[in-house]
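Novice: Each chain is listed here by its residues.
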Amino acid sequence: MLYNKVMDKNFYGIFKTFFKVGTLLLGGGYVILPLLTSELVDKKKWITSEELCEFYALGASLPGIIAANTAIFTGRKLLGTKGAIAATVGMVLPAFLAIVLFASILSELITKPSIQHIFWGVGIGVIVLLFLAVKEMWKKSVTDEFSLLTYTICLALALSGKIPPSITVIFALFFGIFWQKIEDKKQNKGGKEI
Amino acid sequence: MNLYLQLFLQFFHVGVFSFGGGYATLPFLYDIAEKFHWYTPKQLTDMLAISSITPGPVGVNVATFAGFTTSGILGALIATTAVILPSFIIVTIISKALDKFKTNRTVKGAIRGLKAAGCALLSAVGIKLIFTSNLHLLGTLLLIALLISGFFKKQDPLIYLGLSALIGLILGHFNWIGV
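Residue numbers (our numbering), protein chains in the order written: chain A, 173 to 366; chain B, 183 to 361.
Worth double-checking, as some hints may not be accurate.
What the hints assert, rightly or not - Derived coverage of chain B by chain A (criterion: at least 3 residues anywhere in the stretch with Cβ under 8 angstroms from a Cβ of chain A; other residues may be distant):
no. : stretch
1   : 186 to 198
2   : 209 to 215
3   : 233 to 244
4   : 262 to 273
5   : 305 to 316
6   : 319 to 333
Simulated from the structure, these hints should not be mistaken for lab results. In this text, a Cβ means the ideal position worked out from N, Cα and C, and glycines have one as well.
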């Protein structure tokens with residue numbers, strides 16, 4: 173039994189496991205952590221729960237899609253670059269196939285009035301989900317004066333409609349580094365005075 | 183410029199700059215809609231709705247969808263690869279200096295800034311979508327009602343989509359929304 177599980181840790185085995193996770197990944201990437209825990213920690217025992225949590229936390233603090241980042245970290249740990257490729261392709265393939273299938277029938281569907289009404293309603297549901305996501309992000313990101321100031325400036329830049337989002341992101345990156353330097357200096361000085 | 187190259191560059195750029203997961207890719211996809219007209223902002227919300235009921239991360243779904251509507255299966259393949267590729271490169275680099283990355287003060291400052299920016303950019307897209315969607319009075323009321331209930335107690339995402347789809351179907355049937 174144990175022998176089988178270890179043997180499974182090859183390119184195809186990793187691909188298959190992540191394909192399963194990718195298929196179950198409904199409603200966005202938020203359920204990636206419980207899904208990976210169930211497959212990789214509980215069933216396959218490939219990595220520990222602590223390692224997985226760390227990969228997820230790291231994935232969330234890097235640019236790009238968090239689920240993909242987590243899969244790449246985990247795949248690398250399992251089988252190096254080969255493992256990373258197997259994990260990424262496995263996870264993305266179900267999403268890719270589902271969307272291509274959906275997109276091929278959508279252009280026909282969308283001409284029906286009832287479907288258009290459904291999409292009108294769903295558009296509102298999407299905006300609700302978007303603001304609920306903003307609320308979750310706000311809780312994790314806007315926690316002090318610095319982040320509130322950054323949030324306000326970035327929101328103003330984004331709403332101006334003249335600044336591309338990438339410029340706003342680059343601004344926040346450097347502003348954050350600058351602010352951290354000042355904070356660290358203040359703390360060092362405080363320490364010396366005592 | 184070649185359309186495929188353009189698709190690749192734009193979605194690569196989404197993968198490099200989007201920060202905060204899930205809907206964080208949205209501000210960039212909205213920006214692409216305005217600049218290139220590969221899809222409209224309205225189509226973007228349609229894509230988001232479909233992404234919520236199909237497997238996979240939303241960012242990947244929308245990339246595939248946008249690529250497919252722009253230039254078929256090859257476009258879908260290119261856009262999907264392009265949105266993932268930066269992750270691949272960045273994770274590979276970070277893996278090699280993992281301990282440094284975790285304790286470095288400069289990195290810590292950068293992440294604090296990036297998180298706040300990701301949240302702000304998404305807020306801006308939400309506001310823009312409200313003003314560009316054809317909501318009318320009834321839609322606005324529905325939005326406010328769902329938002330208030332969601333802020334008090336968040337339900338499963340499918341509940342918001344299902345409920346608003348049903349209401350859209352009913353209101354549309356009686357010709358009350360002008361769609």
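Novice: Hints the structure violates: just list their numbers, smallest first.
Specialist: Nothing - there is no hint that the structure violates, so all of them hold.
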